[in-house]
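Participant: Each position in the sequence shown, counted from 1, maps to that position plus 5 in the working numbering.
Each hint should be verified, as a subset may be incorrect.
As the list claims (entries may be wrong) - Quick list of the computed label-pair ranges, beta carbon to beta carbon:
(1) Ala350 / Ala110: 36 to 44 Å
(2) Pro25 / Thr345: 52 to 60 Å
(3) Pro25 / Pro133: 13 to 21 Å
(4) Arg312 / Ala110: 16 to 24 Å
(5) His310 / Pro98: 15 to 23 Å
Hints listed in this document are in silico derivations from the structure and should not be mistaken for laboratory results. Nothing here was measured: the structure is a model prediction, and the numbers come from that model. Each residue gets a CB set at the ideal place from its N, CA and C atoms; glycine is no exception.
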Amino acid sequence: MGAATDRVEAAIAATRQLNPTLNAYLHVDFEGARAEAAEVDAIEVARHAGAGRGAVGDDPGLPAAGMPVCVKDIVDVAGMPTSAGGADWVRHPDSDATAVARLRAVGAVIIGKGNTNEFACGIDGRNPHKGNCRNPWDPARLSGGSSSGPAVAVATGMAAGAVGSDTSGSIRVPAALCGVVGIRPTRGLVPVDGIVPVAWTLDAIGPLARDVATASLLLDVLAGRPPAPAPRPDVAGLRLGVATALMRLAEEPVADAIAAATDGLREAGAEIVDCELPGLGRATAIQRIVQACEVATAHAPWFEHQRDRYAPDVRARIEAGYGIPAETYLRAQRHRRLFTRAFAAAARGLDAVLAPASPVLAPPLDAEEVTINGERRPLRAALTSSAAPLSQLDCPAVAVPAGVREGLPVGLQLIGRPGREDLLLRVAATVEANVGPLRPPALSGPG
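Whole structure, please, built from the sequences with the hints as guidance.
Facilitator: Have a look at this one:
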């Protein structure tokens with residue numbers, strides 16, 4: 006066996022061991038993955054043989070050779086069903102989404118399709134049709150969503166990398182609750198063709214991985230550019246702003262871990278200042294209006310005929326979208342532009358803004374509310390309170406583990422200027438250098 010086959014076999018072994026408990030994958034194709042890994046090994050053998058003859062000595066090879074990847078089940082993979090976590094909605098694509106095609110082109114191997122909230126309409130990782138995705142740190146707790154399966158897969162070694170989507174926090178929240186790195190890229194950097202849409206003007210495709218270097222590599226591949234060197238943990242001279250309003254929404258263990266991570270950045274040479282972001286409450290309301298209208302439009306071709314097949318919460322969200330006047334939607338988009346300008350003004354002179362990726366530790370699997378600093382809040386509102394308002398922006402955001410509190414991971418969210426993922430990844434690499442990539446204590450598989 007070659008290196009690619011070894012990596013894929015390790016992921017398959019982890020999946021066989023852990024997926025029955027955690028439900029990260031909805032569909033797997035082990036034999037297809039083995040065949041792809043064998044092809045990658047053959048390419049690498051030929052490359053090394055050519056290098057030995059001096060023919061391709063400068064060929065760097067396949068950047069992701071044999072990397073086992075989990076793809077969220079709203080993203081098309083040729084030969085695998087796309088169910089989007091629906092009750093019996095399914096399509097059978099004969100071609101890959103561009104993001105998947107780019108991964109295969111550099112040697113990545115698709116293990117299977119990752120669990121998601123129904124039609125990616127949710128933030129908790131629960132799915133009444135396909136079963137809940139469980140947190141690898143404690144299977145009695147939520148994984149976060151809607152990119153739940155991808156986050157759990159990379160946290161446990163069922164995959165080395167993953168493809169998720171983020172509309173209002175669906176990469177960043179599960180990354181935080183599962184203790185992995187997740188990137189919502191600058192909107193438009195990664196093509197979104199071949200996905201089941203949630204909201205066209207909000208959706209972004211991005212990677213998840215256990216460490217910053219792998220997430221950075223995957224981002225470059227998904228963006229269709231040559232991979233850059235791994236980000237250096239270097240924040241000397243950077244000016245970072247702490248989003249004080251969002252920090253006030255965080256429960257004490259989360260705030261404590263982020264404060265410690267911020268102290269580490271200061272000690273590494275960054276200047277840390279407070280940053281007051283205006284209009285966060287209005288931005289959250291805008292996000293809900295825009296998403297409701299756009300998800301209702303996306304589902305219009307089949308919703309009327311399959312209404313009863315939707316889970317009640319998703320059905321209610323789509324029906325609410327049909328009731329919003331066009332004028333309200335257009336006004337929301339106008340206020341979205343105003344919020345973007347206000348954010349840019351508040352963050353002027355900063356290289357990144359720091360905030361919680363999730364303001365709470367992973368809640369119990371059956372939670373409908375959480376308590377933050379003595380106040381009861383609906384679960385969805387609490388989980389999205391840091392990520393959703395910032396989803397209005399076209400800016401990149403990175404979630405990176407900031408430590409462990411009460412046996413559960415905490416995620417730090419970094420928000421930057423459009424196109425400057427490189428700066429965010431330098432900051433993330435510095436946090437990681439202090440905290441280290443996290444690993445669930447008992448459930449991780451090989452790798």
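Participant: Compare the structure with each hint and give your call.
Facilitator: So, going through the hints one by one against the coordinates:
1. For Ala350 and Ala110, the hinted distance range of 36 to 44 Å is satisfied, since their beta carbons lie about 41 Å from each other.
2. A hinted range of 52 to 60 Å is violated for the C-beta pair Pro25 and Thr345, which are about 44 Å apart.
3. The beta-carbon spacing between Pro25 and Pro133, approximately 19 Å, falls within the hinted interval of 13 to 21 Å.
4. Separated by about 40 Å at the C-beta atoms, Arg312 and Ala110 break the suggested range of 16 to 24 Å.
5. Evaluation of the 15 to 23 Å hint for His310 and Pro98 yields a pass: the beta carbon distance comes to about 22 Å.
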